[in-house]
Amino acid sequence: MALYDQYSDAIYRFIFFKVSNRDLAWDLTQDCFMKAWQYFSTKENTVDNKRAFLYTIARNLVIDHWRQKEKTATIDIDLVTNSIEDGNDLHAQTVLQDEIRSLMGLLHELPEESRDILLLRYADELSFDEIARATGKSNVAVRVQTHRALKKLKTIVHKHQASHE
Amino acid sequence: MNNIQKQFHSLKRIMPDTQKKATFRHALESRVRADMRMDSARSAMAGSTRISIVRSLFHAPSFALAIVIVILGSSGGVAFASQGALPGTTLYGVKLKTEQARLTFTRNEKRKAELHIEFASRRMHEIEQLITNDTQDDAMVTEIVAYYEHELSEGESLFKKDPSAANTATALFVATESHKDTITALKEKIAARTHGKLHDDLDEAYEHAESHSDTALLTALATTATSSETTAISEAVIETSRKKVRSLEKNIKEKKRAIENAQKELLYDDPAAVEAVKKMEDAEMIADYAKTRFENKEYRESIERSIEARALMKEASLWNKEHDDREDKKRSDDDHESERDRD
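Chains as they are written, first to last, in my numbering: chain A, 53 to 217; chain B, 956 to 1298.
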């Protein structure tokens, strides 16, 4: 249950960015933890990084979902932006929504893999090693891809800033 | 760029609904506890069975039964050793006889129902072990699936007689939900295997588990007395209702496509195919209705409609399976004929 308490929000977010549907994201999050329990209950000692393992399960669940729907993942920026919890401070909430909208708009211009890596690294603060395990890539490949994704993101930011001037 | 990184952090404000999180936490915790109970029951069985058999046998009234006591008592060591025995081993027969003896000498119907549920879990564990050990004896798996269904049916029939059966019904529900997950995992494990008998056996076992799980849940709901029991069962109802709606959405689409393809092959001539398509369309309609009931929080109605849709889908799929079997046989006969012609 410690795993659930610690990572359910992050896993939900990871899935939500991919499916853009709150209910579906929550369903898949539940499936993720159920599958993880089934695995851990028989083979706990063979998983040394449970956090990365959870992301692997979550990623596979999303892939299965889209495969079944014969679609590919897209982000609904408005839905994501409007999903932050309601607070009492309307101004702070509006500022936050603007920040998120702006970021999601930039991320939308990146390929899905690059987007995933940046979200895992900078939103969920996974280590390169954990991202490598979750995505099935090598540590080196993840580092290279993160560097390239950041560079591409900077280019997109400059392009947007130039077009506003 | 620092601003971007700050924006990444702000994404952490996106979180799931607090109530849903808490509800699922409770369901997950219950599930973990139930599975751990079953695991410790399995390992404790080895130690306690001998004692419980002998204890229950001491209440046997007749001389004939006294003989049985002596025989089983003296072979208690064998009974003890047989608990982990798998089908196909020498001790497996002793294991089944020991279980039968426990049932015979248990007077209480509720306790008997619980024993049947325990034995059903053992059969599921045996199926799991056989497949994990890569058995080539499909007939044995088929036989154990039949025993599994027998135990579930017996357990269900006993608790149905008891008006205050909520605990037993809940135990059956928890057990069968766990079995379904085990079967799903086994199916993934053997997905690469080409021969279909094991797949059919697991599909059948899944159907048995699902069917008894549905009955158990509805019985538990109907017989629940206290509000705390109601809350726990309500969470299970909501979760089950959601899972059924999702499972139907997925399966109906796949199976409908398979039936329509089969119908095309027959050039739309077969009236049985037309009937199967109609049943699938009805199933789809009822599944939509189940989904609407779920969204309106009418969970019990949603589960009942989901059960109805699944039954129709199963009937329609039966036609498709028979069609596939006929096509396979035809292809096999054609192959034999070609070989004979070549010779």
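No lab work stands behind these hints, which were simulated from the structure alone. Quantities reported herein were computed from a predicted structural model and do not represent experimental measurements. Among the clues, some could well be false.
Said to hold, decoys possible - Residues on chain B that point at chain A, a partial pick, calculated with CB under 8 Å:
#, residue
1, Q960
2, Q962
3, L966
4, R968
5, P971
6, Q974
7, K975
8, K976
9, R986
10, V987
11, F1060
12, E1064
13, L1070
14, R1197
15, R1201
Stated by the list, open to error - DSS-like cross-link-like pairs, simulated, lysine-lysine; straight-line CA separation at most 30 Å:
#, chain 1, residue 1, chain 2, residue 2
16, A, K189, B, K975
17, A, K102, B, K975
18, A, K189, B, K1269
19, B, K967, B, K1135
20, B, K1269, A, K102
Backbone N, C-alpha and C define an ideal beta-carbon position, used for all residues, glycine too.
**Prompt:** Does K975 (chain B) pass the interface check with chain A, least Cβ-Cβ distance below 8 Å?
**Reply:** holds (6 Å)
**Request:** For the pair we were handed, K1269 (chain B) and K102 (chain A), check the Cα-Cα distance against 30 Å.
**Result:** Measuring from Cα to Cα gives roughly 38 Å; hence the hint is violated.
**Request:** Answer holds if the nearest beta-carbon of chain A is closer than 8 Å to that of R968 (chain B); otherwise answer violated.
**Result:** holds (4 Å)
**Request:** Sort out whether K975 (chain B) lies within 30 Å of K102 (chain A), counting only the CA atoms.
**Result:** OK: K102 (chain A) and K975 (chain B) at ~23 Å, within 30 Å.
**Request:** Go through the hint on Q974 (chain B) and say holds or violated, using the shortest Cβ distance to chain A against 8 Å.
**Result:** This hint is violated: Q974 (chain B) lies away from chain A, its Cβ roughly 11 Å from the closest one there, beyond 8 Å.
**Asked** Minimum Cβ distance from Q960 (chain B) to chain A below 8 Å?
**Response** Status holds, d = 6 Å.
**Request:** Would you settle whether the hint for Q962 (chain B) is holds or violated, based on the nearest Cβ-Cβ distance to chain A being less than 8 Å?
**Result:** holds (4 Å)
**Item:** L1070 (chain B) as chain A interface residue, shortest Cβ-Cβ below 8 Å
**Value:** Check failed: Cβ of L1070 (chain B) comes no nearer than 24 Å to chain A, outside 8 Å.
**Message:** Hinted pair, alpha-carbon criterion (30 Å max): K967 (chain B), K1135 (chain B). Please report holds or violated.
**Reply:** violated (35 Å)
**Prompt:** Are the Cα positions of K189 (chain A) and K1269 (chain B) separated by 30 Å at most?
**Reply:** violated (41 Å)
**Request:** Hold the hint about F1060 (chain B) up to the distance rule: shortest CB distance to chain A must be less than 8 Å.
**Result:** Nearest chain A Cβ about 33 Å off; hint violated.
**Interface hint status, R1201 (chain B) versus chain A (Cβ within 8 Å)** = holds (6 Å)
Comparing the model with each numbered hint stated earlier shows that hints 6, 11, 12, 13, 16, 18, 19 and 20 do not hold.
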